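Construct all of the structure, not just a fragment, from the sequences and the given hints.
Protein chains in written order, with the working numbering: chain P, 397 to 695; chain V, 397 to 695.
Worth flagging that the hints you see were computed from the coordinates, not collected in a lab.
The model shown is predicted, which means the values in this text are computed figures rather than measured ones.
It is possible that some hints are incorrect.
Given that identical chains are not distinguished, each listed pair holds provided it fits within a single copy or across any two copies.
[To be verified] The list that follows gives simulated cross-link-like pairs (lysine to any residue, SDA-like), each with its CA atoms no further than 25 Å apart:
#1 Lys502 to Asp488
#2 Lys567 to Asp427
#3 Lys419 to Lys442
#4 Lys419 to Gln558
#5 Lys646 to Glu505
#6 Lys442 to Leu661
#7 Lys502 to Ala563
#8 Lys502 to Asp489
#9 Lys419 to Gln573
#10 Lys535 to Arg463
#11 Lys501 to Asp482
#12 Lys535 to Pro466
#13 Lys419 to Leu542
#14 Lys646 to Asp427
#15 Lys501 to Met487
#16 Lys502 to Glu560
#17 Lys398 to Arg454
#18 Lys501 to Asp562
#19 Lys535 to Ala413
#20 Lys567 to Asp431
#21 Lys419 to Ser539
Here is how the chains run, residue by residue.
Number of protein chains: 2
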Amino acid sequence: MKAPDFLASHASHVEAALSSMLKTRQCVVADVLLDAMSYSLLAGGKRVRPGLLLESYRACGGNEVQRVMPAALAIECIHTYSLIHDDLPCMDDDDLRRGNPTCHKKFDEATAILAADALQALAFELVADMDVDSDLRCKLLHSLALASGCQGMVGGQVLDMQAEHDAASGKHVELLQVERIHLHKTGALLHWCCEAGALLAAADEKQLDACSRYGKAVGLLFQVADDILDVTASSDVLGKSAGKDAEQLKATYVSILGLQRSRELADEMRDIALDACQPLGDEGVQLKALAHYILERGQ
Amino acid sequence: MKAPDFLASHASHVEAALSSMLKTRQCVVADVLLDAMSYSLLAGGKRVRPGLLLESYRACGGNEVQRVMPAALAIECIHTYSLIHDDLPCMDDDDLRRGNPTCHKKFDEATAILAADALQALAFELVADMDVDSDLRCKLLHSLALASGCQGMVGGQVLDMQAEHDAASGKHVELLQVERIHLHKTGALLHWCCEAGALLAAADEKQLDACSRYGKAVGLLFQVADDILDVTASSDVLGKSAGKDAEQLKATYVSILGLQRSRELADEMRDIALDACQPLGDEGVQLKALAHYILERGQ
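Below you can see the structure in the form of structure tokens.
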């Protein structure tokens, strides 16, 4: 399934904003560091996270895209740093990412680790410097730190590693465990995007609640679809080695529930996401399309 | 030289606050992650950075230590995360830190990398959640991100790696290059501590300028003293392998200037730091003592 036009449009604004943001940092102390950060940050991708933030913002009535763009770039910085560390030899040991050499293959391990560290700092720098009310900035910075740290994404990554060890030692991994991994590993940031978009648009309670529920459903949907994609798509489509999850004994929805039941679960999650959009009325149409797309890219 | 009593007193408050802060995060998703974060965060040390922040705060008339404590913990989280990544096999490859196994030796590389990532997020979480005016919080978060990211500490680490490569390939490393490394690698955070302490105390312009100048001088003093310590102290005193800089072909003040000239440079930096304290009057006495201590622990 082709990405919806509005997602591609958000993505092209995000690409342009990322490039110009990186240019303003060329006075940076070490060129190779900025090169490595840019290499990974500008490696393409559908920019789903910034798209969710910008579209939630728009759906709640926001119309100053350039003003909220730094938050969209920040989430991409966090996501990119996590991919760089994830790809390292001591973690997933991946040589390819979106069809290109991973950061530590293109540069070296030390540079990759430091580029990721700098991207994390850059995310907080971008939000702290936004042209929005300082109370709101603090709120976003606080929730971004929670969503990306030990109680969010990083916590989920450790759970994921533990489940892999469990699976490797023949221990059965439960569905609840897999859900807990993804609620943290991918769900927390995806949820942050939707909530942050609503907050930046000064959404009313009804809109905020809608975006928050939508974000939670999409968070799980995204991962179920990803797991399905890993077993149904070719390496060409993925831009990385297909079947890698099974090879690494990753506990996935598919490995636990089977393909058929995983597809049913994904449909349920999509329906929850669609339902959450109802209070947004006509403005929620594109978020609905995004939920369809997130699911169907994986089938 | 023994640490001044007031530094030990700040350190004991910091230790207690770190412990209780970590306890409130025990609902964290993965125990081993919190264990690894705590292991490195509570590994002792003189807590010079929190000490600088708390003492700058006090010297500028601040008297609500518990209110500013999260900023002191935050700087220790940033410092600790940088040490964990620095110690990794692909970086300095250190097995010992303060006489104990480094984080990746005690746990494993993947856990160490993620614990450090979570500590960086925790630093921003702590400041974002402080009970101080949100404008000030944003200002501190922004300057902390700058001081720790590609234009600060991480930038300096990359410069350091480059100088090592230069030295290994027989290229002469200049004094200016070494200064540039340390202005970023250690100086930026030390400077942040002093400036943040002053800002949190609502310092007037004269006090803020004094703390800022003091922080810059102490930033360099700290590193010159460290380089001197590496060649003059035993491994016992260091809690890590002495002479490691020379072994790793690190470009240090001592390797470029020699021991005698490095000591003279350290004396000059100390004098600049002492002079910067003059506008603080009697309240600056302990910051002066801290400058003496930072230098003399290294001789």
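Worksheet item: Given a CA cutoff of 25 Å, do Lys442 and Leu661 count as a within-copy pair, a between-copy pair, both, or neither?
Response: within (23 Å within a copy, 53 Å between copies)
Fill in: Alpha-carbon proximity between Lys419 and Ser539, which holds within one copy, between copies, both or neither at 25 Å
between (28 Å within a copy, 20 Å between copies)
Practice prompt. At 25 Å max between alpha carbons, let me know whether Lys502 reaches Ala563 within a copy, between copies, both or neither.
Written response: Result: close only across copies, 23 Å inter versus 31 Å intra.
Worksheet item: Under a CA distance limit of 25 Å, which applies to Lys567 and Asp427: within one copy, between copies, both, or neither?
Response: Close across copies (19 Å), not inside one copy (47 Å); limit 25 Å.
Practice prompt. Tell me, please, which holds for Lys501 and Asp482 at an alpha-carbon limit of 25 Å: within, between, both or neither?
Written response: Answer is both; intra-copy 13 Å and inter-copy 19 Å each pass.
Practice prompt. Since the copies are identical, ignore which copy is meant and state whether Lys419 and Gln573 lie within 25 Å (CA to CA) inside a copy, between copies, both or neither.
Written response: between (42 Å within a copy, 24 Å between copies)
Worksheet item: Should Lys535 paired with Pro466 be assigned to within, between, both, or neither, using CA atoms and 25 Å as the limit?
Response: both (15 Å within a copy, 16 Å between copies)
Worksheet item: Is the C-alpha distance from Lys646 to Asp427 at most 25 Å within one copy, between copies, in both cases, or in neither?
Response: Answer is between: at 20 Å across copies they meet the 25 Å cutoff, but 37 Å inside does not.
Practice prompt. Using 25 Å as the alpha carbon limit, work out where Lys567 and Asp431 are close: within a copy, between copies, both or neither.
Written response: Between copies only: 23 Å across, 42 Å inside.
Item to complete: If the cutoff is 25 Å on CA atoms, where do Lys646 and Glu505 land: within, between, both or neither? Let me know, please.
Response: Both: 24 Å inside a copy, 19 Å across copies.
Practice prompt. Evaluate Lys502 and Asp488 at a C-alpha cut-off of 25 Å and name the case that applies: within, between, both or neither.
Written response: Both ways: Lys502 and Asp488 sit 16 Å apart in one copy and 21 Å across, limit 25 Å.
Practice prompt. Up to 25 Å between alpha-carbons, please classify Lys398 paired with Arg454: within, between, both or neither.
Written response: within (22 Å within a copy, 60 Å between copies)
This entry satisfies every hint, going by the numbered hints stated previously.
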